[in-house]
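**Student:** Letter by letter, the chains look like this.
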Amino acid sequence: MAELSDTERTLAPPPAGALSVQGLTISYDSPAGTRELVRDVSFDIGPGQIVCLVGESGSGKTLTGRAITGLVRHSPRLRAEGTVSFGGRELSTLPERELRRVRGGQIGMIFQDPAAALDPVIRLGDQIAEAIARHGGPAGRDSRRRRATELLTQVGITDPELRARQFPHEISGGMCQRVLIAIALAGDPSLLIADEPTTALDVTIQAQVLDLISQLRRERGMSVLLITHDMGVAAQLADQVVVMYAGSVVEVAPVATFFSRPGHPYSAGLMRAVPRVDAPRARRLPAIPGTVPEAADRPPGCPFQTRCPLKLEVCGSEQPPLTAAGQSSGPQHLVACHRSAELLAGGLTVWSAIGATS
Amino acid sequence: MDGMDVRVPADQVAATPEAGADMRVLPLILGRWGPLGRPARGPARRQIRQASRVRTRTGLIIAVAYLVLLVGWAIIPGVFAGTDPTAVNPLAALAGPSVHNFFGTDQYGRSIYDELVYGARPALEVGVGSTLLGGAAGSLIGIAGGYLGGWFDLVVMRLIDMLLALPGLLLALIFIAALPRTLSNEIFAIAIASVPVFARVLRGQAVQVRSRRFVDAATVSGLRRRTIVVRHVIPNCVAPATELATVYVGVAIVIAASLSFLGLGPSEVVPDWGTLIQNGQGYIDHDWWISVFPGVIVTLAVISLSVLGDRLRGALEPVRG
Chain A
58 MAELSDTERT
68 LAPPPAGALS
78 VQGLTISYDS
88 PAGTRELVRD
98 VSFDIGPGQI
108 VCLVGESGSG
118 KTLTGRAITG
128 LVRHSPRLRA
138 EGTVSFGGRE
148 LSTLPERELR
158 RVRGGQIGMI
168 FQDPAAALDP
178 VIRLGDQIAE
188 AIARHGGPAG
198 RDSRRRRATE
208 LLTQVGITDP
218 ELRARQFPHE
228 ISGGMCQRVL
238 IAIALAGDPS
248 LLIADEPTTA
258 LDVTIQAQVL
268 DLISQLRRER
278 GMSVLLITHD
288 MGVAAQLADQ
298 VVVMYAGSVV
308 EVAPVATFFS
318 RPGHPYSAGL
328 MRAVPRVDAP
338 RARRLPAIPG
348 TVPEAADRPP
358 GCPFQTRCPL
368 KLEVCGSEQP
378 PLTAAGQSSG
388 PQHLVACHRS
398 AELLAGGLTV
408 WSAIGATS
Chain B
1288 MDGMDVRVPA
1298 DQVAATPEAG
1308 ADMRVLPLIL
1318 GRWGPLGRPA
1328 RGPARRQIRQ
1338 ASRVRTRTGL
1348 IIAVAYLVLL
1358 VGWAIIPGVF
1368 AGTDPTAVNP
1378 LAALAGPSVH
1388 NFFGTDQYGR
1398 SIYDELVYGA
1408 RPALEVGVGS
1418 TLLGGAAGSL
1428 IGIAGGYLGG
1438 WFDLVVMRLI
1448 DMLLALPGLL
1458 LALIFIAALP
1468 RTLSNEIFAI
1478 AIASVPVFAR
1488 VLRGQAVQVR
1498 SRRFVDAATV
1508 SGLRRRTIVV
1518 RHVIPNCVAP
1528 ATELATVYVG
1538 VAIVIAASLS
1548 FLGLGPSEVV
1558 PDWGTLIQNG
1568 QGYIDHDWWI
1578 SVFPGVIVTL
1588 AVISLSVLGD
1598 RLRGALEPVR
1608 G
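One line per chain: the protein sequences are A and B, in this order.
Read left to right, the first sequence gives residues 58 to 415 (the working numbering).
Read left to right, the second sequence gives residues 1288 to 1608 (the working numbering).
The set of hints was computed from the structure by calculation and includes no laboratory data.
Mixed in with the good hints there might be a few duds.
Heads up, incomplete: computed chain A residues facing chain B, CB under 8 angstroms, no partners named [unchecked claim]: (1) E155; (2) R158; (3) A174; (4) E187; (5) H192; (6) A196; (7) I240; (8) R275; (9) G278; (10) V371; (11) W408.
The beta-carbon is built from N, C-alpha and C at its ideal position, and this holds for glycine as well.
Work out the full structure: start from the sequences and follow the hints.
**Tutor:** Next comes the structure, spelled out in structure tokens:
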């Protein structure tokens, strides 16, 4: 890529669907003081890219997704700082009125537990029509209905006329997720935020929904932020992987690099913890011992030090910054670990053989 | 829905001979895995289902039939009773229940039955009217507080709590005491008494609905707050509001009767139910029918409305996927 001068950078029209999150910090005001649930998170999504945000429960993934669409503003006790720029616009300072136009219009969002994300008392077709009407869809009830039916067909729902007349409890969870995707597509967004879209679904339906997401990405050139804790999903779909731990980003890497040479001991641990069908059965499943520290009792220094087998003295005092790691050829590989250089050089075994640690 | 027909009070089940005789029903009554260790299967389970279903439905049918009768009294009293409920007949004064006068006569010889039939209209007008008025106002206040939150919720709900500390009857009494004794003023006073009740319940419902995922989903699809309230929050509050309204019609009837009993009811020629009860007060030791029958009519109305309200909620509650 050629270097752009500053003026060129501002003049060049920002590509649709490109998202840049810089220094996002989300804090919670409690009587016991302010707690940072998400700390200084930065990452970029290029146009048409699928970025997977991975990490354990409680690592701040979902909150990050909610902050991008401005949902965090609606929670009175949460405060978000930092910048979220999307298609060249700064979303974090955008007035609510304009942000509403971005929501659904340029950024679509789908949720974990799709059945709960649909209003139980409204027919599916009307829920889609509502979003169509909001985003300058065709006028008139009939043409909106027709558009809703089209969307249902696009997300692979058979017999869309019938489904449009049904209520959420009459269809399966997988179908609910498809309907939600149809609603998210109503405004023809250039970015889709999918918050654990397959967690509540069974495995075969999971695969179908993921296929649908990657197909829509291909056909519409849509960027996707996929929030998941499933490393398999990340391996299958992602272009770029962002790993979060205890509210901080600990590694950013292109998917191939990430799975072949993870630069953070936590990433390595996550991969090791994926149960494999073809591996010999161990007495215990490999896991990272311990749990994610609560926001209140996060240690100073590296957030992962309490569970890290490679801990040094420096880890207890200094939080490692997210820096370029490995040979800086090709796309950026960023790691926040004091020992990532040793790790990437291959001189260290992070996690000993299965069963031996426990 | 799930298990609703299985959780029956033990006395209801025992009342059905087939089910009561079968000890296998016990675990079902006590929960799926009762002390007997194994849930009833096959015939025992089916018996329970049938027994309870018939019983509960019977209750509902009786309740609805009674309410339909009251509505009939209110709309076309002439069909059910004589044309003049106020016709005085001193010769037949204080006659006990008989074929001529089902519920006996009062101290002026007026037929208690006729008076009850003609008293249905003001009773239902007050019950339904004040519930609709106060219910609508209270629900809006509650939903607004619950959905908007913040200082509005805080201030309004503290005021509501203050009102809630007073019993409904007392609240209605305060207002009726200051107003001319007319039916519409009585409706207004009881409506005000119902506002805090509806506001409290609907606020809770709105808070719960607001935190449901589909409200987030509607927000991220770019809908305005106004649209979200009208299209998503209010429709999801309909079930509890309907239940409360149905039950509250009965409460309002009781409050109206109590006001009349205290001599604060509307001054009408045809005595209403509360006035009838009060009329009989001095005769209660010998001529019990003057007070007791109106009391029974009012009590049955309250019970029927609460049975109906309960079932309505079950039927209206949205099915969650």
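**Student:** All hints, please: hold or fail.
**Tutor:** Right, here's what the structure says about each hint:
1. E155: Constraint on E155(A) not satisfied, violated at 10 angstroms.
2. R158: 6 angstroms, holds
3. A174: 4 angstroms, holds
4. E187: 7 angstroms, holds
5. H192: 7 angstroms, holds
6. A196: With a minimum Cβ separation of about 17 angstroms from chain B (threshold 8 angstroms), the hint on A196(A) is violated.
7. I240: Holds - the Cβ of I240(A) comes within 8 angstroms of chain B, reaching about 6 angstroms at its closest.
8. R275: 23 angstroms, violated
9. G278: 21 angstroms, violated
10. V371: Violated. Min distance 41 angstroms.
11. W408: 36 angstroms, violated
In summary, the numbered hints that this structure violates are 1, 6, 8, 9, 10, 11.
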